[in-house]
Each structure stands twice: as structure tokens, then as C-alpha cells.
Amino acid sequence: MTSLNINGKSIDAKLGETLLDVAERGGLALQCDCGNITCESTRVTVISGEVEANGTRLKSTVLACKATVAGDAEIKLPASSELQSLKGHVSAIRQVSDDLIELRLSFTKPVSWRPGQYYHVEFRGQERVNMFASFALDAGTEFNTLIFLIERANTPDLFAMIVKKGDVKGRVGITGPYGSSFLGHDDERLIMIAGPNSLAPIWAMALSSVMGQPRREKVLILDKSLKQDQFQQMFNWLNRRGLQPTFVDLQGENAETELKALLPDLTEFDMVYTAGSHGFIAGLEGIFVEALATYARIPNFQPWHELEAQPDDASALEPA
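Using numbering that gives the first Met the number 0, read the sequence shown as starting at 0 and increasing by one per residue.
Honestly, the hints are just simulated from the structure, not real lab data.
The beta-carbon is built from N, C-alpha and C at its ideal position, and this holds for glycine as well.
Cross-link-like lysine to aspartate or glutamate pairs, in silico, DMTMM-like; alpha carbons within 20 Å at most:
| # | residue 1 | residue 2 |
| --- | --- | --- |
| 1 | K168 | E126 |
| 2 | K259 | E216 |
| 3 | K164 | D98 |
| 4 | K226 | D98 |
Across the chosen pairs, the derived CB separations fall in these ranges:
| # | residue 1 | residue 2 | range |
| --- | --- | --- | --- |
| 5 | S80 | T256 | 34 to 40 Å |
| 6 | Q212 | T107 | 29 to 35 Å |
| 7 | R93 | A260 | 36 to 42 Å |
| 8 | G70 | L261 | 38 to 44 Å |
Please take these sequences and the hints and turn them into a complete structure.
Have a look at this one:
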């Protein structure tokens, strides 16, 4: 019998058992959302010892839902917000453009989340969708309120329903927050990268870091597809506070070359968050792995069956 030390608690474990099973048996909660449409909600840090990463290792982290016990080890779980299931109502809808809606959900209880995390959201008569908590385009927020930026490209059925009805009646259910790739209070240079249709979590990180970590060095790199009038309000807000987005083609053949040119001094002392499709993330992450930078993925919510044709070098993004 081996043992895992998880957040200072020693738990007996069997060889080949997943880290997630060991943690849950020891009464330690991980907000697991694996096997659905994202596989970054159980990333943990291996402090010492050995685990079998099963293709999920990023620097000193692995996915607890897939990594298995290989001997005695010390593991650190992220300090995330407590999982909540709440019912709320739509307090405001603003159609920003033909492709973007800003929606506010209000609750009778406080909601707690960290930039980079998402919720399961259920509207009456609609299939459940996963959406990143974010901020309004003018950087506004309200007590006991969640703000979502609903893009037609990400949730076309929900977008069409809201546009058609012009309002949403009845209660809206949420469960979350999920995701371990959230903004932390670290000292490393903060590098935030967003691909197409993936600006909401990076906007939340950018705003929070500007307001809460003013002395931290920051870099914001956005795919050129995001240079749209509908987002100009947030770009103006960031510019006024000293964080100017850099727009570059991150989908073309020269994406890696252009990104390296923007980050010539990338090192292990940098913290990188990349949001986008699984293919988008896989196409760029080699740069960060090579530089030994601390790196976190924020994958969007394409169904796993769409990944079956992904090349082998994206194997670390396989579903649980």
C-alpha cells in the first residue's frame, strides 16, 4: 500500500488508482467536469514523488482524473471557489451586435468565481450550456450577479432564442464554477492569449489583474479575428489603464514564429494562459513547454467527438 499526501493530508492509495479517486475518498473535493466537453477542471500540482501522468503532464501539473498512483507522492490541489447550484433570473440583456449579447443573471445569494472559470447554465426549454463568467464590456459588475458574453458562434441555439424572444422568462439554473485554469495571485509575468470566439475568460483575467494586481507585468495577445467593433469598449478600457492588446494572426502557418517574436524573453518565470479551441491551443503550446513557462489551458466547449480527427500532437487534450 502506498500513500498520497494531498494538501497536507495523508491518504492510503493503490497503485494504478487515479489521483481523483484518492482525493475524493479522502474527503477532498475537486470540481470535476471531465469527460463532458472540457478536460482542464482537475489539474493538480505534483510537489514530489512519482505519478503516471498518462499524457496530461504540463510542467509539474497533471490531470487528476487521468493521472494514476505510481508510488508515494505529495500533491497540491488548487484553492478554488466552492461549487454552487443556484437558481436566478435574467436581470438585463443587451444585444451588443448581431453576434454578441451581454447577459446578466441575478441571484439572492452571493456567487463566487475566479477569472478563467465557467458555469453550467440551464435556461428553460434549452439544453444546458457551459459559459465563462466574465465582466460587462464597460467593466461594470453588480453584487450577486453573473455576467456572460454570449457569442452566436459558441451557443447558436441560445443566442437565437434570446434574440427571438427579446427576454428570458422563468428561473435560470447554474452550477459551478468549474475549471482549474484560473487567475492566481502570483509574481510571474502574466501572459494572456485568446483565440477566436474565446475572449470572455481572458477579458475577465485582464480586468481582474489590472484592478487587483497593478504592479504585475502583463502581456495581452489576441488573435486578429478579435479586432472587432463589438469589443472596442473593453479594448478602450484596457488601453486607458496601460494594458494595450496586441493583435496577431495566431491561426496561420507563421503563428508560432510571430508569437515567439512577441515573446523573445519567454522563460520559466512566466505564467501563460491560453484560451481557444483545442486545436488552437495545441498549435501554440509547444512554445511555452519549450520555454518551461508555467502554462494553463482554457479550452472552449467544442464537443469531444469533434476532436477525433485531431493530430497525435494534441493527444494531451484527449477526453477523460
